[in-house]
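S.K.: Throw the hints in and build the complete structure from the sequences for me.
Using the working numbering, the first residue of the sequence shown is number 20, and each one after it goes up by one.
A few of these clues could be false.
Below 27 Å or equal to it, Euclidean Cα-Cα: the simulated DSSO-like pairs (lysine-lysine) are [to be verified]:
hint	residue 1	residue 2
1	Lys232	Lys115
2	Lys264	Lys232
3	Lys217	Lys111
Each pair of labels, with its calculated beta carbon distance range [to be verified]:
hint	residue 1	residue 2	range
4	Leu282	Ser98	22 to 32 Å
5	Lys131	Val286	24 to 34 Å
6	Ser60	Val286	46 to 56 Å
Hints listed in this document are in silico derivations from the structure and should not be mistaken for laboratory results. None of these values were measured; they are calculated from a predicted model. Glycine is no exception: its CB is placed at the ideal position from the N, C-alpha and C atoms.
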Amino acid sequence: MKKTITLLTISISLALFAEEGSYVPKENLRYIQEARELLHSGEIEEVLKGIDLLTYHKSNLAMRDLLDTMQGDIRFPRSSHNDPVIKFYAAKALGKKGEPSAIPDLILEFKKAAEPIGEFTKTKRKLSGNVAGADSVTSPYFYYSDEISIVLAAGEMLRALGDIGLSPESEETVKQALAHKNPYIRSSAADAIYSNGKKELLPSLRDALNTEKDDLAKIGILSAIGGLEKSPNATFYSLVDYLKKDNPEFRKKASEGLVRMDLLLAVPFYQKAISIENDEILLATLKEDYRKITAFKHP
Numbered sequence: 020m021k022k023t024i025t026l027l028t029i030s031i032s033l034a035l036f037a038e039e040g041s042y043v044p045k046e047n048l049r050y051i052q053e054a055r056e057l058l059h060s061g062e063i064e065e066v067l068k069g070i071d072l073l074t075y076h077k078s079n080l081a082m083r084d085l086l087d088t089m090q091g092d093i094r095f096p097r098s099s100h101n102d103p104v105i106k107f108y109a110a111k112a113l114g115k116k117g118e119p120s121a122i123p124d125l126i127l128e129f130k131k132a133a134e135p136i137g138e139f140t141k142t143k144r145k146l147s148g149n150v151a152g153a154d155s156v157t158s159p160y161f162y163y164s165d166e167i168s169i170v171l172a173a174g175e176m177l178r179a180l181g182d183i184g185l186s187p188e189s190e191e192t193v194k195q196a197l198a199h200k201n202p203y204i205r206s207s208a209a210d211a212i213y214s215n216g217k218k219e220l221l222p223s224l225r226d227a228l229n230t231e232k233d234d235l236a237k238i239g240i241l242s243a244i245g246g247l248e249k250s251p252n253a254t255f256y257s258l259v260d261y262l263k264k265d266n267p268e269f270r271k272k273a274s275e276g277l278v279r280m281d282l283l284l285a286v287p288f289y290q291k292a293i294s295i296e297n298d299e300i301l302l303a304t305l306k307e308d309y310r311k312i313t314a315f316k317h318p
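M.R.: So this is what it looks like as structure tokens:
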């Protein structure tokens, strides 16, 4: 009994200190414990609540919990803990926290998820209000949580690597992903390069653009190049052309690229696009993107 009490005291004492040796208030530990209990729930919505709680918590005490959540339960392949939506949001959380210690696990989990993913076969899409339905795996923009696939989860793992900051190992993983069979994975790799801000990888992006056949992946690569260059060149006008396309996914992704470029030259093209947009969701997005571009910026 005495030995048990001693071990418990040691465990509590250790828990009061973060990895860097700083004191962690007891109320924060209760917060983390609440999140951990949610992560172990059998209900997907509860797990997502736990991920959300930990995403914006300053302490990295629960970093391992997020990594374990992303990896799922290998003992029970059909467990709800292996659902792609959980992997998607766990990866997003790791990217937001920006902890480099997560890089090896993100690389490993991405490779496991991406290896069996093949090229997207274009089929007639189900449309609801001019928006792609759940059989579209090339864009997450019009998705509900329960429609997120392993393709989208793998793409989010790449973006998380870019958000954290590319190490030599993760940079190689991202560069290889630019040549993946699936266009969404290729586009996600471009996003990772953009978010990392590494202009040294522009040649890799241009090489990928020269061989890209899929429009959404091409827009993704153009957006990354434009966001890094921020120059009124051919990349800018290519994105403007996609802003005029019939496919709402093209227009949404092109607008994202133009916001990244942040050029007032885009203003008249946005005004035209907004005046003729017939999709309510996309119209709201275009208006918000227009506001971002025209907002006052300190010199």
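S.K.: Does each hint hold? Answer for all of them.
M.R.: Hint check:
1. A distance of roughly 31 Å separates the Cα atoms of lysine 232 and lysine 115; the hinted pair therefore is violated under the 27 Å criterion.
2. Taking the CA atoms of lysine 264 and lysine 232, the gap is near 16 Å; set against the 27 Å cutoff, the hint holds.
3. The suggested pairing of lysine 217 with lysine 111 holds, with an alpha-carbon distance near 20 Å, which does not exceed 27 Å.
4. Leucine 282 and serine 98 have their C-beta atoms about 48 Å apart, which leaves the hinted 22 to 32 Å range violated.
5. Take lysine 131 and valine 286: their Cβ atoms lie about 44 Å apart, and the range 24 to 34 Å is violated.
6. With their beta carbons about 48 Å apart, serine 60 and valine 286 fall inside the hinted range of 46 to 56 Å.
Of the hints listed earlier, those the structure fails to meet are numbers 1, 4 and 5, in rising order.
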